[in-house]
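Q: Listed below, chain by chain, are the residues.
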Amino acid sequence: MSLPTGSIPFRENAAQAIRNEALRAAMRNATGVFAVKRADAVSAVPLEEWRDKASETRLQVLDHLADYVDRFAKSAVRAGATVHRAKDAETAREIVACLLKDHGIQKAVKSKSMISEEIHLNDYLEKQGVTVVETDLGEYIIQIAREHPSHIIVPAIHKDRRQVGKLFAEKLGCAYTEDPAALTKIARAKLRQEFLSAEAGISGANFAVADSGSLVIFTNEGNGRMCTTLPRLHIAVTSIEKIIPSVADLPKFIRLLPRSATGQVVTTYLSMITGTRKAGEATGAKDLHIVLLDNGRSSIVAGEYREMLKCIRCGACLNACPVYQTVGGHAYGSTYPGPMGIILTVLLEGMERAHTLLDATTLCGACADVCPVKVPLPRLLRRLREQRTEMGLTPTMERQGMAGFGMAAKSPTLFGAGQQAARLLWPLARKIGVKGTLARMPIPAEQPFRRRIS
Amino acid sequence: MTQDAAIDLFVENAEKAGARVVRVSSAHELNEVLSGMLEGATAVYSPGVTPTEKGLAIPPDRSTEDYVNASACVEEVSAAVAETGSLVCSSQGGKPVQAGLLPGHHIAIVAAEHVYEDLDRFFAALGDAPPTNITLETGPSRTADIELTLTIGVHGPDRLSIIVV
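Just so you know, the protein sequences line up as chains A and B, in that order. Position 312, counted from 1, in the first sequence is what this note's numbering calls 312; the numbers after and before it change by one each time, with no gaps. Position 78, counted from 1, in the second sequence is what this note's numbering calls 78; the numbers after and before it change by one each time, with no gaps.
I should point out that these hints are in silico values taken from the structure, not numbers from a laboratory. Treat the hints with care, since some could be wrong.
What the hints assert, rightly or not - What the simulated footprint calls covered on chain A by chain B, stretch by stretch (three residues with Cβ under 8 angstroms from a Cβ of chain B suffice, anywhere in the stretch; the number is not a length):
| # | region |
| --- | --- |
| 1 | 6-17 |
| 2 | 303-309 |
Said to hold, decoys possible - Here are the computed distance ranges between Cβ atoms for each label pair:
| # | chain 1 | residue 1 | chain 2 | residue 2 | range |
| --- | --- | --- | --- | --- | --- |
| 3 | A | Thr-177 | B | Glu-29 | 40 to 48 angstroms |
| 4 | B | Thr-2 | A | His-64 | 49 to 57 angstroms |
| 5 | A | His-64 | B | Gln-3 | 34 to 42 angstroms |
| 6 | B | Lys-16 | A | Asn-29 | 49 to 57 angstroms |
| 7 | A | Asn-29 | B | Ser-26 | 49 to 57 angstroms |
| 8 | A | Ser-298 | B | Ser-26 | 53 to 61 angstroms |
| 9 | B | Asp-61 | A | Lys-107 | 50 to 58 angstroms |
| 10 | B | Gly-127 | A | Ala-175 | 19 to 27 angstroms |
| 11 | A | Asn-29 | B | Ala-124 | 37 to 45 angstroms |
Glycine residues also receive a C-beta, built at the ideal position from the N, C-alpha and C atoms.
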């Protein structure tokens, strides 16, 4: 099988991940716990009604996305924020770097944001001489390990406590411990100093409210609240599809996001930031800049994959996916892993580069069952696969195999001959000692099933 | 739902989220509960801006204006939501929302009449011109970032006490 140059080597990554016992144990534990917690959290609520309503609201925004972006920008400006529009990742990175430079800031604290991962913000800022300190514990672990998140909610899900203990001892110079509580205390002490001395806070947003210009951020640790209330400058980078119409729409998403993500009724902190510090107030940045990232969304919303933009990034489809559960997030080689990640990556980075990820699904539909906003993930995945075939990017073996099977399936004679051939050739193949997939194939039955029942 | 039922639900859900909740019915009782909660607190920050708080017996020798280094923060929060067991911390009226976050012990006082039954009622009342910062706080700061093991007190307080007046 030959890949176009530059496509993500998913098969190779997955083969490696499957052999990593520690990774597989961590993934089994984590995704199992999440599945149980989510199921508990939604068992006694009118989930279907909530999902329908939330999906409807998301579609309402997508139907008039450009208008909602304007509405949000206007409201945010009225509340005292400065709004920047970035058509792509490069523009967004430059805006953030320029803002920090203009304010003479060399160090910023940051609250977890997948959009910042999508635009590779940290690497870029570091090259410009800015130190970015991740403050979410999971992100902090990933940052000092110099890795990338493997889950959109729990970035360090692939690491066990011993690995974190070793990492802290090595990089932070503390005594080795594998007690999560002790490790958390170490990070708290380190990061508290960063919060208090930081002059800028960088965040994303889970939602942006069109009518009020508010940014809404969900965190459990309190780092989002710190990053957005302590430093004098706050820069929020968010993508345009995160917009919801009004403050009154918030409850339906508050009810669904934490339940779907971690099985919580609500996260510990839910911060709503509306503009800058006003006269007589003692909270809030003096300067708030909101970078609205498009990065392909405007064209996605006009096409047949628009429903992908309903996604609220809860991670439930990752936890439910048998492929993600087995190989973990890094195998995808993309910012977003799991079912939503495959679709988004193909849409954002192009079929040429990401079509290999379309092998990372069994189309079992478990993702669609848990999606809080009813994104038709399996349908979108199937459609992308068709498109891949149309573009001639399907692996040659698969294409020829499917063509052969298609021909045989239409003719009972040919089909029977094929079965007969498999039975006769099987002992021979074993004698030669076939390897790989062929060796793992089930032994053909003495009598085909359709003969046995006829 | 009656207001009493809403308060009961708030207490139940806040306790489920890991907060300690006490209900009091007089200023005397409030001060008694408070002094118990403040035992062991070395520096207490209390933005005395509301009528409820003005009558509070914060020990003067342990009171501080520096919330960054305080060990406890006592404040009246603007509202609570029964559905989720959340407190509503607001920047309205000049309150530093971050003050409830930095000290290890956050003691929040909430007036019974400010308890909303659910999120819809609260956000409808808030409207589309909210103050600069509104934070819903539900239980103490937590993380499960290491092996999904629940750990309390990451960046925020590891103890949350609520007094419903």
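Q: Run every hint past the structure and note whether it holds.
A: Structure-based check of each hint:
1. With 0 residues carrying a beta carbon less than 8 angstroms from a beta carbon of chain B, the region 6-17 of chain A misses the three-residue requirement, and the given coverage is violated.
2. With 0 residues having a beta carbon nearer than 8 angstroms to a beta carbon of chain B, the region 303-309 of chain A misses the requirement of three or more and the stated coverage is violated.
3. Look at A/Thr-177 against B/Glu-29: about 43 angstroms separates their beta carbons, and that is inside 40 to 48 angstroms.
4. For B/Thr-2 and A/His-64, the Cβ-Cβ distance of about 41 angstroms falls outside the hinted range of 49 to 57 angstroms, so the restraint is violated.
5. About 40 angstroms separates the C-beta atoms of A/His-64 and B/Gln-3, a value consistent with the hinted range of 34 to 42 angstroms.
6. Evaluation of the 49 to 57 angstroms hint for B/Lys-16 and A/Asn-29 yields a failure: the beta carbon distance comes to about 24 angstroms.
7. Here the CB-CB span from A/Asn-29 to B/Ser-26 is close to 50 angstroms, well matched to the stated 49 to 57 angstroms.
8. Range check, A/Ser-298 to B/Ser-26: about 60 angstroms between beta-carbon atoms, so the 53 to 61 angstroms window is met.
9. For B/Asp-61 paired with A/Lys-107, a C-beta distance near 37 angstroms fails the hint of 50 to 58 angstroms.
10. The beta-carbon spacing between B/Gly-127 and A/Ala-175, approximately 52 angstroms, falls outside the hinted interval of 19 to 27 angstroms.
11. At about 41 angstroms, the CB distance of A/Asn-29 to B/Ala-124 agrees with the hint of 37 to 45 angstroms.
Against the hints set out earlier in the document, violations occur for numbers 1, 2, 4, 6, 9, 10.
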